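*Asks:* Protein chains in written order, with my numbering: chain Y, 1 to 220; chain B, 1 to 289; chain Z, 1 to 652.
For the record, the hints were derived by calculation from the structure and aren't laboratory data. Just so you know, not all the hints are guaranteed correct.
[What the hints assert, rightly or not] In silico EDC-like cross-links for lysine to aspartate or glutamate, where the CA-CA straight-line distance does not exceed 20 Å:
(1) Z:K602 x B:E111
(2) Z:K443 x B:E112
(3) Z:K116 x Z:E560
(4) B:K245 x B:D277
[To be verified] For the chain Y half of the interface with chain Z, some residues (derived, Cβ under 7 Å), not all of them:
(5) T16
(6) G18
(7) Y52
(8) W62
(9) P65
(10) A137
(11) A162
(12) R166
(13) V169
Treat the numbers as computed from the prediction; the structure is a model and nothing was measured. By construction, the Cβ of each residue, glycine as well, lies at the ideal position given by its N, Cα and C atoms.
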Amino acid sequence: MSTTTTSSQTIVRSATTGEPVTTTARRNRLGIWLCIVSDATGTVALLISYVYLWSLNVNSAWAPPKDRFAPDLPFWLIVAGVVLAAAAMWWGVHGMGKGDRWQLILASALSSIIVLVTFVGQIVQLSTFPFAITEGAYASATFWLAIGTAIHLSVVLFLTVAIMNRTRVGLFTQNNHSHVRLVAMWMTWVCVAVLLGAVVTTTMKVSPNTNSPTFGTFSD
Amino acid sequence: MSIVDERPTAEADEPEEPTNRPEPSYRLREWLSRPYVRHILILFVILTLAVIPAAWLVLHFMNLSGAPASAVMYEIERTMFVFTLASAPVMAITAAILLYSLLGWGRVRGEEPPMQESPAIRSNPIAIVGWISATSLLAAFLVIWGLVELANITALSNGTTSANEQPNTAKPLDINVTGQQWVWTFEYPDQQSITSDVLVVPIDVPLYFNVTSKDVIHNFWVVELGVKIDANPGAITNTGVTPNKLGNFNIRCAELCGLHHAYMETQIKVVTQDQFDAWVREMGGKKFV
Amino acid sequence: MSTDVILTTDIHEQMGVPQPRQRGKAGGFLRHTNVLTGSALGIILSVVTYAIGSKLVPWGTQNEDYSQVGLNALVGATYVAWVIGFMIGIGAFAGPVRWMMGHDITHDDSEYLAGKGQGKWKYWKYTTDHKVVGLQYLVMALVLLGFGGFFAMLIRTELGVTWSEVFDPNFYNSIVGTHGIVMIIAMIIVIAGPLGNFIMPLMIGARDMAFPRLNALSFWLLFAAVPPLLSNLLLGGIRDGWTVYQPLGTQAPIGMIGYQICIITFAFSTGIAGVNLITTIVTMRARGMTWNRVPIFVIGILAAAIMGLVWFPMFQYSQVLAFSDKVVGSSFFIPQEGGSVWLYENLFWLLGHPEVYVILVPAMAGLLELMVVFLRKPLFSYKVAVAGIAGIVGLSSVVWVHHMYLTGWAPSAGYPFMLSTELISIPFGFLVLVMLGTMWRGKVWSRLPMMTVYAVLWCNIIGGITGVYLSDVPVDQYMHGSMFVVAHFHFMLMGVGLFGAIGTITYWFPKMTGKMLNERIGSIGFWVAFFGFQVTFGSMFIAGLQGQPRRVLQFDNAFEISNWISTIGAYTIGVGMLIFLYAIITSWRIGTIAPANPWGSKTLEWQTETPVPLDNFPVLPVVTSDPYGYGVPDPYDAIERKMTDENVKVGA
Ligand code: HEA
Ligand code: HEA
Ligand code: CUA
Ligand SMILES: [Cu+2]
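Required output: the full structure, derived from the provided sequences and hints.
*Replies:* So, in structure tokens, the structure goes:
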């Protein structure tokens, strides 16, 4: 690229390093992927905990008292919430790609509202579980999957609101809106994480192991 | 101003591969005639011989308190012995080259980077292939040995073979081992569930242990018999052994279990069948659980 | 692409990069924050939390399982408040908040953040320059090593005084655990922190790390994580070893919460550092630095960062769940209530094992990088070295069960995991081959960094071979939980990790500090420590063979002699390390000024000036070969060529 002045003015450059923003965008995308990998390991740790304790049923204490397992519907509602929010964000990315700033404002606003509602829903679910966190392994594992979702949702809420605000101020343009895409990517991963949580909590309830030994003795 | 790297590329200096090299055998002989090769080979042999006695030394230390007192422990010691022998050449070749590099190929001192450069050897396919195959073969040997021995001691642990390696016809003796901060309790379910805090067992009878814990993780280690298994709260683990030596041996806890972990030890008394029966009667008479 | 070869300071004028509106003075909120405001806010917030909390949950609150659930929750909240308060106070949240508000930073802001014009004060602030972060990490690592070393001396004192208990069991167990985890943390950061941040970007010809603000974040998170850990000794200790197996940990005094908060925070720090290191290495190499020209040390850092990034969350979650068990009474690891001890062990060792290679690989790679300079030879087979590192990374995640052979978790898992563990010795052997091959026929320039290579190679073989013993299930059935294991891993962690760190840090010391290390004193210290080390842990192997369990403060008379020897050796290490530390500190303060390239090395970091300018390279370098172009044509090749020629004649 030997043509200097003219071409370098058409390239959007990062204010801090002077590099073309496409370069920083590529770098940031790798960064987000790595964050996703790391977060995925953490999520897998929670899923392993759930599934493993379910399969063991140590001291026959997996199930909560009187087998009061959590109802399925709230889990799926929360999944629906994050999926909708992510879809909205992708729709906004699409719009910005065509240069339609209003579509992105609308999309991120919509997304923020959905996430907020879902987050509140998650808190409601946490406070209305028919068991306390102290009541057995199922209760602990389910609580922590839900807490994990709540933490994910609060991060997503911060991101969607920020995107909305930044679009409003006019910081994203047709050829400089990589942040939005990254947020949408992250939201997609959150959908997967929440979905996996919902799948295990709703399909694995009664433990398959019915003859675990009684604690501290040699009898079943 | 410019610090554009002007170093020559890696390939630049390398001579072209000659097409008509001397015979491989000739080249081998030439290589072996180089002084440093000879010195290193001699060093290698000396060091290998020097390391080999370590195999006996290892056994000596393991046997100080009376081991092996079971076939399992015997197998463990045999593995230690073989592994030490097998790793002697690895240690020796590394140490030989290390020492030669330190002392043999010359040294430069001083504050300034030396002017004289060493030969630019970037690779040597023969060395690489040789090393990789040698270590892979060694690793394969160790793995296969390990797998076979593991199968062996698993069989022995479940008490199917007696000291003289004949299938054991004696009826196994079940023992329930409970770890608890910081004592061991042994219960003999088939002997009217008598309990004891010292493990008394008859010689040459397969023992079968069920192990659990009442609080935290302990580890049931019968040192001279080579038995070790965690005592987990909320789970029962199993292992076994057939003692083949009379005497008193150590039982220690080998998993940190709180304040007095260090003192969580007791003894195993390997006695004759008659003494054992007498002991059972005595215990049973006194205490009936 | 001629556009990049321009001074960064000029880019803005020449390109006329449009700037966001400058709000206030450059630096904004971060002008007012530093480690003091951070600590102050952290302390205030935790005191307030404690005060309010103790009104809500009075000390004595109990529930059916734990005598002290209220107190645990209170202490947990206090520690969390410290971390959050500290991070707010140091200004860590300023960036995200500005981003959310749409107040993007300008070039001037970013230069202020990188520490421009703040003199020494920048080391106490949320500074983004990778060179500042590198030095911060170095000092932090030295401080942690100092603590760890001090605890080690206490351990050896107790074990040497065989006739009575010097410490009570609670304190002894706590210092063993604290020594273990402090040392492990120190060793994880000691190379990837200082050298990965300071040297690596220079080595690949970059102007900074990929994410400078995350770089500062990762260091200050580490800084925030340390006080909770060390404070455990004042709050009853952690007394459960560095592994803190559950449910023992739930019985521990409140000091345990400090450990858990430390690990959770530290895991964020490592994760962030990992993202940053990987992205930098992958996307910011100088033009022409293709993957076969990347210095091997950079590959080592990349490998460590990958392993840390992928596996650290396992450890983090094991502690999150343990924290939850202790503080809110959940039951992940409490068997009475359906929890499983094997769950904890698996989560722990899923990181626990890869982590030992996180420590080892950068050390080995750093030594490979520096030995070529002292031997004036190219690296022997770069490809084999890379393959070895790749093999270690690949296998490291499938061997964790070798720490659990005897837990009874899955007895038949012994077979596959014995296989995978012993396979690691093959790629590991690649690294040994590369070391030996590089030494082959090289004339050594005997300087301290090169001497550590020999020391490390020796320890490596001892530690490696004893590791292979342990990986064999039948042998482990005797050795597990004994002093033999302790001796094995000190040969690796200390013999390879710490001595490797000493080698690499002395090698890059002139570039980082601008001073030459006093090598005479440094060498004395190093060799004294090395000698003491052999004695200490050599004799510990014997105690292990005889059957001494680990983590015990009293033991049978049979083990006395070997423990006395170990203790004498340990004090020798202590003396040696103090001498070495003295050399480091005095050289750093009043040493002779270092030239830009004292070793005559060919890697890029030595080609720029010392002290390194703010944007590293006035002109970004372009790379045309790998950095190993040392050496002269092999004289034996000449002989052989002559023979070949004669051969031709004979044949003709
Ligand atoms: C830097 C740290 C480090 C490193 C590199 C290693 C490397 C290895 N470790 Fe070690 N290990 C630890 C740190 C480390 N370890 C720690 C901290 C613990 C205890 C944790 C605790 O419980 O507190 C531990 C415990 C531990 C155990 C569990 C013991 C127990 O508690 O029961 C085992 C068992 O398999 C093991 C095995 C190995 C093996 C096989 C290697 C291999 O990677 C070694 C490979 C290297 C070589 C073999 C030498 C070079 C190779 C050649 C010259 C090629 C030819 C050789 C052959 C073919 C044999 N280690
Ligand atoms: C990297 C890790 C590391 C290092 C370096 C050490 C170093 C030492 N260790 Fe440690 N140790 C562990 C990791 C480490 N240890 C772990 C993980 C455990 C297991 C804990 C558990 O069971 O839970 C353990 C356990 C352990 C035990 C077993 C306790 C028991 O089971 O009862 C003992 C006993 O002797 C011991 C002794 C020592 C000694 C004498 C040193 C000495 O060599 C220390 C000497 C070091 C110094 C005095 C300071 C260091 C250096 C500097 C200040 C300058 C460095 C400069 C640069 C890098 C530039 N250690
Ligand atoms: Cu029981 Cu240690
Ligand atoms: Cu391991």
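*Asks:* Does each hint fit the structure? Answer for all of them.
*Replies:* Structure-based check of each hint:
Restraint check for K602 of chain Z and E111 of chain B: satisfied, since their Cα atoms lie roughly 17 Å apart, inside the 20 Å limit. For the given pair, K443 of chain Z sits about 15 Å from E112 of chain B by alpha-carbon distance, which is consistent with the 20 Å threshold. The hinted pair formed by K116 of chain Z and E560 of chain Z fails the criterion: a straight-line CA distance of about 58 Å is larger than 20 Å. Restraint check for K245 of chain B and D277 of chain B: satisfied, since their Cα atoms lie roughly 18 Å apart, inside the 20 Å limit.
Restraint check, T16 of chain Y versus chain Z: the minimum CB separation of about 4 Å is within 7 Å; hint holds. Of the supplied interface hints, the one on G18 of chain Y holds, with its beta-carbon coming within about 4 Å of a beta-carbon of chain Z, less than 7 Å. The beta carbon of Y52 of chain Y comes within 5 Å of a beta carbon in chain Z, closer than 7 Å, and the hint placing it at the interface holds. About 5 Å separates the beta-carbon of W62 of chain Y from the nearest beta-carbon of chain Z, less than 7 Å, and the hint is met.
Interface restraint check for P65 of chain Y: the shortest CB-CB distance to chain Z comes to about 11 Å, outside 7 Å, so the restraint is violated. A cut of 7 Å between beta carbons decides the hint on A137 of chain Y: the least distance to chain Z is about 3 Å, and the hint holds. Satisfaction of the interface hint for A162 of chain Y is found here, the shortest Cβ-Cβ separation to chain Z being roughly 4 Å, below the 7 Å cut-off. With its C-beta approaching chain Z no nearer than about 5 Å, R166 of chain Y sits inside the 7 Å limit, and its interface hint holds.
Nearest Cβ of chain Z to the Cβ of V169 of chain Y: about 4 Å, under the 7 Å cut. The hint holds.
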